[in-house]
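Those protein sequences? They're chains A and B, same order as listed.
Just so we're on the same page, this note's numbering is the position in the first sequence counted from 1, plus 140.
Just so we're on the same page, this note's numbering is the position in the second sequence counted from 1, plus 140.
It is possible that part of the hints are untrue.
No copy labels: a pair is met if it fits in one copy or bridges any two.
Claimed, not checked - Once the Cα atoms are required to be at most 27 angstroms apart in a straight line, the calculated BS3-like pairs of lysine-lysine come out as:
1. LYS212 with LYS382
2. LYS155 with LYS241
3. LYS453 with LYS155
4. LYS325 with LYS343
5. LYS370 with LYS212
6. LYS365 with LYS212
7. LYS345 with LYS355
8. LYS267 with LYS231
9. LYS165 with LYS241
10. LYS261 with LYS323
11. LYS165 with LYS155
12. LYS231 with LYS212
13. LYS150 with LYS241
14. LYS454 with LYS267
15. LYS161 with LYS453
16. LYS343 with LYS323
17. LYS267 with LYS152
What the hints contain is simulated information worked out from the structure, not anything from laboratory work.
Number of protein chains: 2
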Amino acid sequence: MASGVGQIVKNKQVKLKGYVKGFPKESDLYVTSDSSIELRVPDGSPEGTILVKNLYLSGDPYMRFHMGESQKPDFPSFPLDAPISGFGVAKVLESKNPEFKVGDLIWGFRIQWEEYSLITKPEGFFKIHHTDVSLSYYTGILGMPGITAYFGFNEVCSPKEGEHVFISAASGAVGQLVGQFAKLKGCYVVGSAGSREKVELLKTKLGFDEAFNYKEEHDFLAALKRFFPKGIDIYFENVGGKMLDAVLLNMRAHGRIVVCGMISQYNLDHPEPVYNLASVIYNRVRIEGFVCFDYFSRYSELLDAVLPYIREKKINYLEDVAEGLDNGPAALVGLFSGRNIGKQVVAVAHE
Amino acid sequence: MASGVGQIVKNKQVKLKGYVKGFPKESDLYVTSDSSIELRVPDGSPEGTILVKNLYLSGDPYMRFHMGESQKPDFPSFPLDAPISGFGVAKVLESKNPEFKVGDLIWGFRIQWEEYSLITKPEGFFKIHHTDVSLSYYTGILGMPGITAYFGFNEVCSPKEGEHVFISAASGAVGQLVGQFAKLKGCYVVGSAGSREKVELLKTKLGFDEAFNYKEEHDFLAALKRFFPKGIDIYFENVGGKMLDAVLLNMRAHGRIVVCGMISQYNLDHPEPVYNLASVIYNRVRIEGFVCFDYFSRYSELLDAVLPYIREKKINYLEDVAEGLDNGPAALVGLFSGRNIGKQVVAVAHE
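Bound-form chain A, shown alone (with noise of 0.2 angstroms):
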């Protein structure tokens, strides 16, 4: 039994306090500490409930999709009585579940941004086997994001080496790391991000070949032309809106945009035109969607393949971690303004 099983303890919790409508503000979460959990699995619990402890929550974009009134089905509302969740690093600290034993490490998803959590229905949890890499390596290139730079890159584009890449976000959770297994195949790449700290970071840690700062580029199609003159193979979307219309400009022929995301359009009561789509025709450029989760069944892959980089230490990982729930607020929210440098994590304890 682990320690502090049967205590009754605070249990700190992330709420929304309203559904949010535009950019979110740090005000439109709070934390409290007004419940308490005793760290047991309750008599008369569901069969296979656990109680987990929460170690690393990933601060993602989509999120902003459950903290607005949603009519997507695939994308409710967080609920206002009970704490946000996402992506996260659990250890188990009680279970009634045969697949999951006392001190287990999971990952996965709807893990509750709080202390404690008893899960009575742990579906859709990742055991982890490997922990000679960093735990909160599980909320990004061991996580979700991993998965979608993975299989968004290797999969849905098609990379061939020499190939022209081009990568919006760059330095986020899933674009670094786009850059480096563009790089592992061979191709010339080139990240945008929104700082000079950020392009430099791109350039010197993460082995891309060029980038730049849009928010200094009054002209993308001009900055594009600049990097590819002639033309982008593969486009890597994770911001939408201007840059998506200034790249449909600059594809070469069969050239590949996979679309991952469309931060830049997340706050925005209505998006924001592309104009330029007619391109795709003479150019027989590719669009696609990517959801992640059709990737999870091949998870094992991405450990084969990434595990060595890690160790051999041929991928760099960029992490901004927040210490402690008091700091999940500002942490999230600061995703929708570039605040954070490489992929949010909220430490909630390291053990």
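Following the hints, complete the assembly by docking chain B onto the known chain A.
Relative to chain A, chain B alone:
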């Protein structure tokens, strides 16, 4: 030697008065009989030259690009001092080319809009071997629109039995074929067109399950939801603009949009905006641009598949035949107001 060879005859031609801006008007073109031609391959002509009599000319939306002051290298402007040109069917009157014999029928690209043409480099022509079907079909179902419909639908869209298919400009040269190919695959097929007459033809002559007149619909999304309450699997895109934007909101998961043309955009100085691209993410939609030239090398597959259907009357093909070059300008310009019903052909001569 074919009859008439050696004579000097007037050679009626259709030319552009000047480069077109916005919607083309009939008065942007003119018909002239100012020039004459001697019906022989002149001495000193380059090796390989042939003299042809033009029979059927194809009026196609893409020709709009050549009518303007083009900035696209793939679509050079028509010269003002020569006839316009496009796909067509012609008969060889004299040949200095071992590949073409007198009397051969050919179809292909860069047939000039005139009665007779001297072709110094006959490249990109197919010989016509099957003459039990209408020769004009080689501008349509057995020509470029046939290749576009057949490979655009069967290859790019990967259709499966029972899937729900939507086709815009559905009674046009390409759309009417896509609908019939889709029915042959066992799909549910709905088309949009621009008049009640066309809608009736789609349902009565072309075997579409449903059809609607987009000019009578104020809300395209509502119209699409009426015919596709569970969404669209395949959209064969011929028009662009607002229709595409509505379709994006009604695609099913893993839906496919093949973009063969965007006729609604060709005459606009600034393309219409599309707002709903983010929806490709959650629905994993693939949008793919398509150029028929990529499939010309597989032309024999089209013949093998479609000739039996034509002979067995399992496929209908609606043509709108303008008689004589004098009616050429109106026929060509009419494409952009939807005046044509079915494939627009200009018959210069019937044999």
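Kindly indicate which numbered hints from before are broken by the structure, ordering the numbers from low to high.
2, 3, 9, 10, 12 and 15
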